[in-house]
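Chains as they are written, first to last, in the UniProt record's numbering: chain A, 1 to 204; chain B, 1 to 204.
Please note that a few of the clues may not be correct.
Stated by the list, open to error - Computed list of lysine-lysine pairs in DSS-like fashion (alpha-carbon distance at most 25 Å, straight line):
{"hint": "1", "chain 1": "B", "residue 1": "K35", "chain 2": "A", "residue 2": "K35"}
{"hint": "2", "chain 1": "B", "residue 1": "K59", "chain 2": "A", "residue 2": "K35"}
{"hint": "3", "chain 1": "B", "residue 1": "K96", "chain 2": "B", "residue 2": "K35"}
{"hint": "4", "chain 1": "B", "residue 1": "K35", "chain 2": "A", "residue 2": "K59"}
{"hint": "5", "chain 1": "B", "residue 1": "K59", "chain 2": "B", "residue 2": "K15"}
Simulated from the structure, these hints should not be mistaken for laboratory data.
Listed here are the chains, written in short residue letters.
2 protein chains.
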Amino acid sequence: MVNKPAPDATRRSEKSRRAIYDAALSLVGEVGYPKTTVEGIAARAGVGKQTIYRWWSSKADVLLEAFLDLGEQAAKAAGHEPYTLPDTGDLAADLKAVLRATVDELVDPRFEVPSRALAAEGVVNEQLGREFVAKLLEPQLQLYVDRLRAAQDTGAVRGDVDPRIALELFVSPLAQRWLQRTGPISYDYTDTLVEYALHGIAPR
Amino acid sequence: MVNKPAPDATRRSEKSRRAIYDAALSLVGEVGYPKTTVEGIAARAGVGKQTIYRWWSSKADVLLEAFLDLGEQAAKAAGHEPYTLPDTGDLAADLKAVLRATVDELVDPRFEVPSRALAAEGVVNEQLGREFVAKLLEPQLQLYVDRLRAAQDTGAVRGDVDPRIALELFVSPLAQRWLQRTGPISYDYTDTLVEYALHGIAPR
């Protein structure tokens, strides 16, 4: 069992940890993943390299936690707990609300710049891409799976639908417009995706 | 008016052109976009740098044409003309056929490796990303727009649907699974996307 640190030490290390996250995210956004180093993160955060290696084993580990923290901060700023999706009983309204919050996050430079650097690396670096998808992206997608399963229980979604595929009808178009800049991103756009995904484009 | 070259010269320059395309695609797949140079492409193709500059103004131009050529070759190999989508009158069957052919292309290393290198660069290099989307990706997406408009004329798609958004319901999920490796790619998967996109996931 690890001894509980004194309050002052906890506060100090929490401050260092946040400085290291900020340094890692800003650095990867500026120079890209391949040129980001633990040394560079340490220098920018104003800590010794050993401070980083005490807590993390690699730059990928630091960045993974920095992005997890960024996601939690964004969720709190948007006024909801991280790792949950609203369930008001109105599936369309709930999905639209979550996607609108995602639009806000995607166009926020604090999120966008480092996230693009990481996403670009993940496209060509299979190991990194798979690790970040497994630890960052897939857990978020599973929240949609949970919400769609609840909707199947209430009859708002057909029971024969695979929720893991269904969520992609509204999540992936937004992701592609953001990643590849294939079109503008707006609330109207994501609202439309939800409508089409729920009801299809063929005559009802 | 330009004089028509003698047949031998045409054949020679067609051969050089193809060698340059192959060199550009293999090089970008191996070293990534930033480290690909006109000099490197020329060396690998066995031509002088000036031969490349006679036809193209930059490595981006060479790559753009190489990818256009690759797409045309793939279309011919799949047994259809490039720049058209089938219209048998059965929208679901036509979309499934095109997406199955896209699956084949996405998992073909000759396409996948250079395309990943270019897509990764486009995520962080806005100018390049926008140029390649405008010249390579958007023209392909417009073929879906045309097919969905034809389906609106026959009543297979509702008249109030925006075809440019609707196509993303089946194209973007496949694109994201390929780009970010968020899930396996198969014919069953793309068939399911078409079904959900046409009929939605809510009870009919």
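Here's how the hints hold up against the structure:
{"no.": "1", "hint": "B:K35 <-> A:K35", "result": "holds, 14 Å"}
{"no.": "2", "hint": "B:K59 <-> A:K35", "result": "holds, 23 Å"}
{"no.": "3", "hint": "B:K96 <-> B:K35", "result": "violated, 38 Å"}
{"no.": "4", "hint": "B:K35 <-> A:K59", "result": "holds, 23 Å"}
{"no.": "5", "hint": "B:K59 <-> B:K15", "result": "holds, 19 Å"}
Taken one by one, the earlier hints fail for this structure only at number 3.
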